[in-house]
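A.B. asks: Sequence:
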Amino acid sequence: MIIRKAKIEDSVEITENLFLAMEEILYEFIRMKDKEEAKNFLLYFVENKGNQYSYENCFVAENKRRIEGSINIYNGAELTKLRKPIIKYIREHYNETFSPENETQKGEFYIDSFGVNPNCQGKGIGSKLLDFVINSIQFKEHTLGLLVDEDNPNAEKLYLKFGFKSIGRKELAGKKLKHLQRNPIKSK
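According to numbering that gives the first Met the number 0, the sequence shown is numbered sequentially starting from 0.
Derived from the structure by calculation, the hints contain no laboratory data.
Given the structure is predicted, the values throughout are model-derived calculations rather than measurements.
Be careful, since some hints might not be right.
As the list claims (entries may be wrong) - Derived pair list, reagent style DSSO-like, types lysine-lysine, alpha-carbon separation capped at 27 Å:
hint: 1; residue 1: K177; residue 2: K139
hint: 2; residue 1: K175; residue 2: K156
hint: 3; residue 1: K169; residue 2: K156
hint: 4; residue 1: K160; residue 2: K38
hint: 5; residue 1: K105; residue 2: K127
hint: 6; residue 1: K4; residue 2: K175
hint: 7; residue 1: K105; residue 2: K32
hint: 8; residue 1: K38; residue 2: K127
hint: 9; residue 1: K169; residue 2: K34
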């Protein structure tokens, strides 16, 4: 298995993987519980540049030319700019008063979401994606942040194992979440 920067041609598989982590939040964004509509919404943004869900902000775990997992990460300082096209689209197509909470901020690289193909779960792919990001030259000197659902103790346990610590709580699209961060290891 290799982990590499995503390409536009990975968009459908990235969407399937990220959807696993974002399903309920996407339903809140589009104001309907329609799986196909939610996936089409997400795919539209994964395929396009300049937004928080873009393939540009993703890495994929690939094995035998098949994407087994995807992770979406970006600089929290760029949230407003990256979210702008999403807010505009949602307001034009689903909810004219859409105004989401800030899920990240300046000072952290934010792991927005990641998911592993259901046929590949239980093989450590999620752990390998997290390890890749933590140790990547691009991210290892930065604070990493993410949100975890309060009702998902197994995911929280994984993040804690990788050195993330709880720094507070947030709410996003009606979901109560824990905000976890991992500070960079200072070299001596």
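A.B. asks: Given the hinted pair K169 and K156, is their Cα-Cα distance within 27 Å?
C.D. replies: Given pair K169, K156 holds - Cα atoms ~18 Å apart, limit 27 Å.
A.B. asks: Please work out if K177 and K139 have their alpha carbons no farther apart than 27 Å.
C.D. replies: Holds, because 22 Å separates the two Cα atoms, which is no more than 27 Å.
A.B. asks: Given the hinted pair K169 and K34, is their Cα-Cα distance within 27 Å?
C.D. replies: Between K169 and K34 the Cα gap is close to 25 Å, so the pair holds against 27 Å.
A.B. asks: Are the Cα positions of K175 and K156 separated by 27 Å at most?
C.D. replies: With Cα atoms ~17 Å apart, K175 and K156 stay inside 27 Å; holds.
A.B. asks: K105 and K32: Cα distance at most 27 Å?
C.D. replies: Outside the cut-off at roughly 32 Å; violated.
A.B. asks: Please work out if K38 and K127 have their alpha carbons no farther apart than 27 Å.
C.D. replies: 25 Å, holds
A.B. asks: Taking only the CA atoms, is the gap from K160 to K38 under or equal to 27 Å?
C.D. replies: 31 Å, violated
A.B. asks: For the pair we were handed, K4 and K175, check the Cα-Cα distance against 27 Å.
C.D. replies: 31 Å, violated
A.B. asks: Holds or violated: K105 with K127, Cα cutoff 27 Å?
C.D. replies: Judged against 27 Å, a Cα distance of about 26 Å means the pair holds.
Violation of the numbered hints given earlier is confined to hints 4, 6, 7; the remaining hints are satisfied by the structure.
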